[in-house]
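Now for the letters of each chain:
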Amino acid sequence: MILLLQQIIDGAANGALYAAMGVAIVLVYRATGVLNFAQGEMALVSTFVIWQISAWGLPIYVAAVIGIAFSFVFGAAIERGVMRPLRNKPPLASVLAALGLFLVCNQVCALIWPGAQREFPALASPVTFELAGLRLGAETILLFGVLAAQAVFLWLFFRHTTWGLKMRAAADNADAAVYIGVDTGRMFMLGWGLAAVFGCLAGLLVAPTILLTTGMMFPLLIYGLCAATLGGLTNPFGAIVGGVIIGVVENLTATYVPAIGTDLKIASPLLLIFLVLLLRPQGLFGVKQVVRA
Amino acid sequence: MTALLNLRGMDAGYGVGWVVQDVSLSVPVGEVTVLLGANGAGKTTLMRGLSGVIERRGRIELDGQDISRWSPSRIVRAGLVHVPQGRGVLASLTVDENLRVAGSRNSRLGFQATRDHVLALFPRLAERGAQMAGGMSGGEQQMLAIGRAMMMQPRILLLDEPSLGLAPIIRRQVFDTIATIAGQGIAILLVEQNADISLAIARRAALLSQGRIVIEDDAAAIAASSVVVDTYLSPAGPTMETST
Chain A
270 MILLLQQIID GAANGALYAA MGVAIVLVYR ATGVLNFAQG EMALVSTFVI
320 WQISAWGLPI YVAAVIGIAF SFVFGAAIER GVMRPLRNKP PLASVLAALG
370 LFLVCNQVCA LIWPGAQREF PALASPVTFE LAGLRLGAET ILLFGVLAAQ
420 AVFLWLFFRH TTWGLKMRAA ADNADAAVYI GVDTGRMFML GWGLAAVFGC
470 LAGLLVAPTI LLTTGMMFPL LIYGLCAATL GGLTNPFGAI VGGVIIGVVE
520 NLTATYVPAI GTDLKIASPL LLIFLVLLLR PQGLFGVKQV VRA
Chain B
27 MTALLNLRGM DAGYGVGWVV QDVSLSVPVG EVTVLLGANG AGKTTLMRGL
77 SGVIERRGRI ELDGQDISRW SPSRIVRAGL VHVPQGRGVL ASLTVDENLR
127 VAGSRNSRLG FQATRDHVLA LFPRLAERGA QMAGGMSGGE QQMLAIGRAM
177 MMQPRILLLD EPSLGLAPII RRQVFDTIAT IAGQGIAILL VEQNADISLA
227 IARRAALLSQ GRIVIEDDAA AIAASSVVVD TYLSPAGPTM ETST
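Residue numbers (this note's numbering), protein chains in the order written: chain A, 270 to 562; chain B, 27 to 270.
In short, the hints are calculated from the structure, not lab data. Do not take every clue at face value.
Simulated restraints on C-beta separations [unchecked claim]:
(1) B:104 - A:356: 23 to 31 Å
(2) B:142 - A:356: 48 to 56 Å
(3) B:83 - A:346: 29 to 37 Å
(4) B:211 - A:357: 33 to 41 Å
(5) B:253 - A:428: 34 to 42 Å
(6) B:252 - A:428: 52 to 60 Å
(7) B:143 - A:400: 54 to 62 Å
(8) B:137 - A:402: 52 to 60 Å
(9) A:346 - B:236: 42 to 50 Å
(10) B:137 - A:484: 47 to 55 Å
(11) A:402 - B:142: 56 to 64 Å
Residues from chain B shown here face chain A by an in silico Cβ test under 7 Å; the list is partial [as the list claims (entries may be wrong)]:
(12) 98
(13) 128
(14) 132
Listing some non-contacts, in silico: residues in chain A with all C-beta distances to chain B over 12 Å [claimed, not checked]:
(15) 321
(16) 359
(17) 429
(18) 431
(19) 438
(20) 444
(21) 449
(22) 527
(23) 532
(24) 541
Here a beta-carbon is modelled for each residue, glycine too, at the ideal position from N, C-alpha and C.
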């Protein structure tokens, strides 16, 4: 029983990472209809920037704030410079652009920061609390904090701020949003910038737990795509719930299904999504597309 | 009295020739000016040109300023607000959020007052505040579209086929409200295929045919001329409207 609870808690904490990537993918998809395969590698660039700033001697949290600001500008610039010119082109154009971006970001990191792997500064001290037989590391608590912060931010921003409402308006119906004075181009930039911030958050959180390498973000991209698809691709809250579900399912199957174990655990969320999409193609929280005749 | 919106030799189109040609028209404050025409006459194109979302040239004066080269958002800020055909409500936002996003440029105090004003015009919207706009009936969506435009405190409203797809009784309510709004000192340019119901609330009317204005006169005079209606507006002519 304790083991089960422990696995659920640890899985849900991991869900914070998947949720952050999932939200990033949803924000971009909802704003511009692009499935951004480069989301993870864009985050990789930002994570390396944070590492570099911290290696220069600044405290990790200062470096993180600078890196997150950088990721916002970086994401917005990619939208304006790479994606905007392709906006009214066939969808394949932006898919290829995203794949190109994937390679460029990855190779640029390898070029600037050569070598196999880097130690990334810890974000939480290595203390562990015992609570009724459960072990709660400071890092787990940090992950839960980030998870909650993401949900609260999304709720406040998209429901209660003018910018959030305008972004939703531009994503809902860009043509109509123009008529109520929304600068849709600026909203798309903001969407990409914000997405990059969530991606950067995932990179920042994962880097201390594994080593910082150029291959670090790819599995997270898969998890993020899973979280986003499970949640419904157009609903950022859905991506958060999806991320937590995936984290828990992954951990439970790895522990209790011997055939899966740790080697195959990335496969279990994919199987879960396959089943969900069979039964509910719009995802858990997505809106079913109704096409009028 | 000089009109708020003055067009002189305006053309508009989508980059391959001009669909609307050489239009001259005046839209004064405090009354409804209706632009009639059959399907494909260029009414919507003319409105899109005025809003700045498609190519246009010629003289387009809003309160004496030439807006023919302005961006769509600048035109909106100057007080020319367009309610597009098919209403363009933001389906995944609630009614309240639709109003808030449109009124976001107002100060907090101004916002409350404007919102109260809009809800007084369309009491139905107050009951539907928390509902998703996409789940409302066609009539409610049309009310929301006009109400949302009013949140932007317009000086001139462009209404593109507000009667489209509405039941007669709802249509009557919507058109009564349009007349009320005009009476509050706002210029209204109304585009319609429905001649009778729009001529009833308009003071001036113009008839667009193949992208050009062929007749401009008092609404009453045009309504009285069966030749006009039969020639340019059939088959969506008077016979359809006798039931209302």
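- [ ] Provide an ascending list of the numbers of those earlier hints which the structure does not satisfy.
- [x] The structure conflicts with hints 2, 5, 14, 17, 18, 19, 20 and 21, although it agrees with all the remaining ones.
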